[in-house]
Amino acid sequence: MLNTPFTLPCGVVIQNRLVKAAMTERLSGSNCKPNARLVRLYEQWADTNVGLLITGNVMVDRYHLESAGNVVVDNEEALPEMKAWAGAGKKHGNHIWVQICHSGRQTSRFVNLKPKSASGVQLKKLGLFSKPKAMTEKDILDVINGFVKAAVIAKKKWFYRSANSCCSWISDKSIFESINES
Numbered sequence: 175m176l177n178t179p180f181t182l183p184c185g186v187v188i189q190n191r192l193v194k195a196a197m198t199e200r201l202s203g204s205n206c207k208p209n210a211r212l213v214r215l216y217e218q219w220a221d222t223n224v225g226l227l228i229t230g231n232v233m234v235d236r237y238h239l240e241s242a243g244n245v246v247v248d249n250e251e252a253l254p255e256m257k258a259w260a261g262a263g264k265k266h267g268n269h270i271w272v273q274i275c276h277s278g279r280q281t282s283r284f285v286n287l288k289p290k291s292a293s294g295v296q297l298k299k300l301g302l303f304s305k306p307k308a309m310t311e312k313d314i315l316d317v318i319n320g321f322v323k324a325a326v327i328a329k330k331k332w333f334y335r336s337a338n339s340c341c342s343w344i345s346d347k348s349i350f351e352s353i354n355e356s
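For what it's worth, the numbering used here labels the leading residue of the sequence shown as 175, then goes sequentially.
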């Protein structure tokens with residue numbers, strides 16, 4: 175059963191029912207581009223014949239990283255590196271889907287001391303996050319445009335893409351009382 179093809183409602187066929195879940199690899203260099211280490215890792219995962227590989231955090235804004243070492247796709251500068259990464263993940267017919275993210279209030283304080291988020295409520299977790307500034311309407315539109323741009327770039331390099339706005343990043347969770355200032 176696990177090794178049989180699976181057709182998603184959208185028509186995409188995955189070669190089997192095995193999925194490598196999203197995680198944060200933190201392997202890009204200071205330029206935030208995919209590199210040889212990331213390519214090797216995805217080659218190894220592809221060699222396991224898992225049907226679907228979901229990438230770690232691929233950020234839409236280099237100033238709002240979940241952590242140092244995140245890949246950023248905010249322009250087309252990294253197209254050759256993206257192609258190598260996608261090729262490694264798809265070498266046995268596997269699918270590789272990009273987890274596109276904006277960290278919002280989960281931006282590491284080691285990356286940015288003044289993050290922007292859906293609200294100004296600080297995430298209190300081991301002192302790892304600064305107090306965010308609530309986004310303006312323009313900021314929100316910039317993030318939305320960042321998701322669109324990243325998805326378009328990812329698709330150019332044969333990735334499927336998945337927009338991730340969970341974990342109270344920029345989502346409907348911003349209406350929850352625990353993080354809503356109004």
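Keep in mind that a hint or two might mislead.
Computed list of lysine-lysine pairs in BS3-like fashion (alpha-carbon distance at most 25 Å, straight line) [to be verified]: (1) Lys257 / Lys307; (2) Lys265 / Lys288; (3) Lys329 / Lys265; (4) Lys330 / Lys207; (5) Lys194 / Lys265.
Bear in mind the hints are in silico, worked out from the structure with no lab data behind them.
Comparing the hints with the structure gives:
1. For a cut-off of 25 Å, the pair hint linking Lys257 to Lys307 is broken: about 35 Å separates their Cα positions.
2. Between Lys265 and Lys288, the direct Cα distance comes to roughly 40 Å. Violation of the 25 Å bound is thereby established for this hinted pair.
3. At roughly 17 Å between alpha-carbon atoms, Lys329 and Lys265 fall within 25 Å of each other, so this suggested pair holds.
4. Between Lys330 and Lys207 the alpha-carbon distance is near 16 Å, which keeps this suggested pair within the 25 Å criterion.
5. Distance check on the hinted pair: Lys194 and Lys265 sit about 15 Å apart at the alpha-carbon level, within 25 Å; holds.
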